[in-house]
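Peer 1: One letter stands for each residue in the lines below.
There are 2 protein chains.
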Amino acid sequence: MRIGIDIGGMTVKLGLVDGEKIVAKKVVETDSAKLAPEEVIHNIATAAIALLKENQVGEKECESIGIACPGSVEPKKGTVLYANNIAWENVPLLELFAQYMMQDAQMQIPLAIANDADAAALGEVLYGAAKGKNNAILLTLGTGVGGGVIMDKKIFSGYMAGGCELGHMVIEREGKLCTCGRKGCLEMYASATALMDLARTAATNQPDSMMNEMCGNDLSKLNGKMIFDAQKQKDSAAMQVVDTYEEDLSIGIANLVNIFRPEIFILGGGVSAQKEYLTDELQKRVNGLCFDVKYGYVPPIVTSQLGNDAGIIGAAYL
Amino acid sequence: MRIGIDIGGMTVKLGLVDGEKIVAKKVVETDSAKLAPEEVIHNIATAAIALLKENQVGEKECESIGIACPGSVEPKKGTVLYANNIAWENVPLLELFAQYMMQDAQMQIPLAIANDADAAALGEVLYGAAKGKNNAILLTLGTGVGGGVIMDKKIFSGYMAGGCELGHMVIEREGKLCTCGRKGCLEMYASATALMDLARTAATNQPDSMMNEMCGNDLSKLNGKMIFDAQKQKDSAAMQVVDTYEEDLSIGIANLVNIFRPEIFILGGGVSAQKEYLTDELQKRVNGLCFDVKYGYVPPIVTSQLGNDAGIIGAAYL
Chain Z
73 MRIGIDIGGM
83 TVKLGLVDGE
93 KIVAKKVVET
103 DSAKLAPEEV
113 IHNIATAAIA
123 LLKENQVGEK
133 ECESIGIACP
143 GSVEPKKGTV
153 LYANNIAWEN
163 VPLLELFAQY
173 MMQDAQMQIP
183 LAIANDADAA
193 ALGEVLYGAA
203 KGKNNAILLT
213 LGTGVGGGVI
223 MDKKIFSGYM
233 AGGCELGHMV
243 IEREGKLCTC
253 GRKGCLEMYA
263 SATALMDLAR
273 TAATNQPDSM
283 MNEMCGNDLS
293 KLNGKMIFDA
303 QKQKDSAAMQ
313 VVDTYEEDLS
323 IGIANLVNIF
333 RPEIFILGGG
343 VSAQKEYLTD
353 ELQKRVNGLC
363 FDVKYGYVPP
373 IVTSQLGNDA
383 GIIGAAYL
Chain D
73 MRIGIDIGGM
83 TVKLGLVDGE
93 KIVAKKVVET
103 DSAKLAPEEV
113 IHNIATAAIA
123 LLKENQVGEK
133 ECESIGIACP
143 GSVEPKKGTV
153 LYANNIAWEN
163 VPLLELFAQY
173 MMQDAQMQIP
183 LAIANDADAA
193 ALGEVLYGAA
203 KGKNNAILLT
213 LGTGVGGGVI
223 MDKKIFSGYM
233 AGGCELGHMV
243 IEREGKLCTC
253 GRKGCLEMYA
263 SATALMDLAR
273 TAATNQPDSM
283 MNEMCGNDLS
293 KLNGKMIFDA
303 QKQKDSAAMQ
313 VVDTYEEDLS
323 IGIANLVNIF
333 RPEIFILGGG
343 VSAQKEYLTD
353 ELQKRVNGLC
363 FDVKYGYVPP
373 IVTSQLGNDA
383 GIIGAAYL
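Chains as they are written, first to last, in the numbering used here: chain Z, 73 to 390; chain D, 73 to 390.
Treat the hints with care, as some may be off.
Chain copies aren't distinguished; within one or between two, either way the pair holds.
Distance condition first, Cα-Cα at most 20 angstroms in a straight line; then the derived SDA-like pairs of lysine to any residue [what the hints assert, rightly or not]: (1) Lys205 x Met232; (2) Lys356 x Arg245; (3) Lys255 x Thr316; (4) Lys366 x Glu146; (5) Lys98 x Asp176; (6) Lys356 x Glu246; (7) Lys347 x Thr265; (8) Lys203 x Lys226; (9) Lys148 x Met223; (10) Lys226 x Asn206; (11) Lys149 x Ala233; (12) Lys255 x Arg357; (13) Lys149 x Glu335; (14) Lys304 x Glu318; (15) Lys255 x Arg245; (16) Lys148 x Asn162; (17) Lys255 x Glu319; (18) Lys366 x Gly150; (19) Lys366 x Thr251; (20) Lys255 x Val365; (21) Lys148 x Lys205; (22) Lys366 x Glu161; (23) Lys248 x Glu319; (24) Lys248 x Thr316; (25) Lys347 x Glu318; (26) Lys356 x Cys252; (27) Lys148 x Thr265; (28) Lys149 x Tyr369.
Hint data in this document are derived by calculation from the structure and do not stem from the laboratory.
Whole structure, please, built from the sequences with the hints as guidance.
Peer 2: Structure (structure tokens):
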């Protein structure tokens, strides 16, 4: 038995993991706006202890507890250097967690941390979309574009802090200004946010687009599914939006294939809900973009299988 | 003692390597336009045998022979999949080389091959600009943009054939058409060729630019040194050219830093002759471009130390 913990902006999800299954779950509010990091970590430790006790799992039966955290982490030191969306900076996460586990339950269980996208990628390789593969890239298309690279079934996070920021690869010199300060990062073109921005602009400029009707003429209610649904019904504004989005996403995927040549390329995040409808089209485009079309290996592009559980499962096996 | 062999478009360079020194060299014409791959490989084997005999190095004193080859190679099988500039396709290089070594000299020495940029990167890590480091990226700025990535003192060439093509990362959607078929690859902006193209256009459009005088008004004779010399003398056309070139090169370097966070970033190829004059400026730009400026590690940018010997030395230690 192991515990995998996935710290998110709103909630912290804990799972008791047995093999490839999550046999029990707990959720804690993150509430980082109100609580100090120490309090959040204490709450997580309390929940982990409860998860073990409620399921009659003793200290020695729990092989490890792994924690997936957003932002820049330093796995060797067990610290969170900087996690923007929970406003943590230089937090000694593992030290505090170990201290609470000892103080509250006299438990000493091996601990590990990783970036959340890295943990999710590991989860997909161990028990998800890339099961049986050794090397994979997971690109998550959500608010931003995150990613994880797995090499020989291990997380590759760059040699030094700040590596594997796959969304912060410029694909457009002098392009759109990114939150990281650069212009033209992949994140500005391939995130779910970018897709929504494109669609809202198109729907505004083309009032007869189905997208307006679908969201009841309130573009704040437009979602990804509506955009793809309109595109499937040949709405010209939506067709243009999806074409542009897929073109830019393909550029990013092909860049990463040319660098890593993974065995398999996994897409996660909200946009990946389109499954084969999205990946079939991306595969066609990426096949034509990779270097050395004749001999170069082009990986299959698939969507995440574990979804929101990928981080818990990956964290359990750090 | 080891032998390192670097196959180039015009010549094949062989070196007898002892520790970090090349103690003897031989050069063979590649002549791939006239000779079949089998003949070229036979000539290389003959030269390797001569190099050993002339230096009284017996079969058992030579630990290994490594061959660096341009293009896509398959190190495990010992084959060259495709090397555009010597027009080799599916050549079983190591099998043939071993056969000639046995047939002509009854020698059986451990053999290895690698891509030439990969071998050069390894050479720089072992005995050159990145000596003492475990992880480095070498970006070669020549006719094209090639690269090698070293992880834990070993070559990383992607999991499958065709990986680590660092020059074929799009940095400009819908940009300049690259020889690989894509638009906007880094190679089209950061190669020595790209610098020359920029400069020729600028010198043509601005007839009073010093660059015209420097090359005797024959732009086919313009070279990289002239461009930087004119820029140092505040020639406005040259200043604009170098600024654009450095900006685009910085984008490529920052992209790779965000992905790999190497300990050190090495520039090779013709343009790197500018040494600190180039790297000081690039360092300033890249420092401001990398993700997570506060905690993220930004590697020092340096130029190659081994130059044309990097491939021989790296090949010797494959």
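Peer 1: Would you mind marking each hint as holding or not holding in the structure?
Peer 2: Right, here's what the structure says about each hint:
1. Lys205 x Met232: This pair counts as between: shortest inter-copy Cα distance 12 angstroms, intra-copy 26 angstroms.
2. Lys356 x Arg245: between (25 angstroms within a copy, 18 angstroms between copies)
3. Lys255 x Thr316: both (18 angstroms within a copy, 15 angstroms between copies)
4. Lys366 x Glu146: between (40 angstroms within a copy, 14 angstroms between copies)
5. Lys98 x Asp176: within (18 angstroms within a copy, 71 angstroms between copies)
6. Lys356 x Glu246: between (28 angstroms within a copy, 18 angstroms between copies)
7. Lys347 x Thr265: Answer is within: at 18 angstroms inside a copy they meet the 20 angstroms cutoff, but 42 angstroms across does not.
8. Lys203 x Lys226: Within one copy only: 13 angstroms inside a chain, 26 angstroms across chains, cut-off 20 angstroms.
9. Lys148 x Met223: both (18 angstroms within a copy, 18 angstroms between copies)
10. Lys226 x Asn206: both (8 angstroms within a copy, 18 angstroms between copies)
11. Lys149 x Ala233: within (11 angstroms within a copy, 35 angstroms between copies)
12. Lys255 x Arg357: between (24 angstroms within a copy, 13 angstroms between copies)
13. Lys149 x Glu335: between (31 angstroms within a copy, 18 angstroms between copies)
14. Lys304 x Glu318: within (14 angstroms within a copy, 44 angstroms between copies)
15. Lys255 x Arg245: For Lys255 and Arg245, both the intra-copy (7 angstroms) and inter-copy (13 angstroms) Cα distances are at most 20 angstroms.
16. Lys148 x Asn162: within (14 angstroms within a copy, 43 angstroms between copies)
17. Lys255 x Glu319: Classified as both; 18 angstroms inside a copy, 12 angstroms across copies.
18. Lys366 x Gly150: between (44 angstroms within a copy, 18 angstroms between copies)
19. Lys366 x Thr251: Close across copies (14 angstroms), not inside one copy (38 angstroms); limit 20 angstroms.
20. Lys255 x Val365: For Lys255 and Val365, the Cα distance is within 20 angstroms only across copies (15 angstroms; inside one copy 30 angstroms).
21. Lys148 x Lys205: between (26 angstroms within a copy, 19 angstroms between copies)
22. Lys366 x Glu161: between (47 angstroms within a copy, 11 angstroms between copies)
23. Lys248 x Glu319: both (16 angstroms within a copy, 16 angstroms between copies)
24. Lys248 x Thr316: both (15 angstroms within a copy, 19 angstroms between copies)
25. Lys347 x Glu318: Intra 13 angstroms, inter 41 angstroms, cutoff 20 angstroms: intra-copy only.
26. Lys356 x Cys252: between (31 angstroms within a copy, 17 angstroms between copies)
27. Lys148 x Thr265: Intra 33 angstroms, inter 43 angstroms, cutoff 20 angstroms: neither.
28. Lys149 x Tyr369: Only across copies: Lys149 and Tyr369 sit 16 angstroms apart there, 37 angstroms inside one copy, limit 20 angstroms.
Hint compliance for this structure: hint 27 alone is broken.
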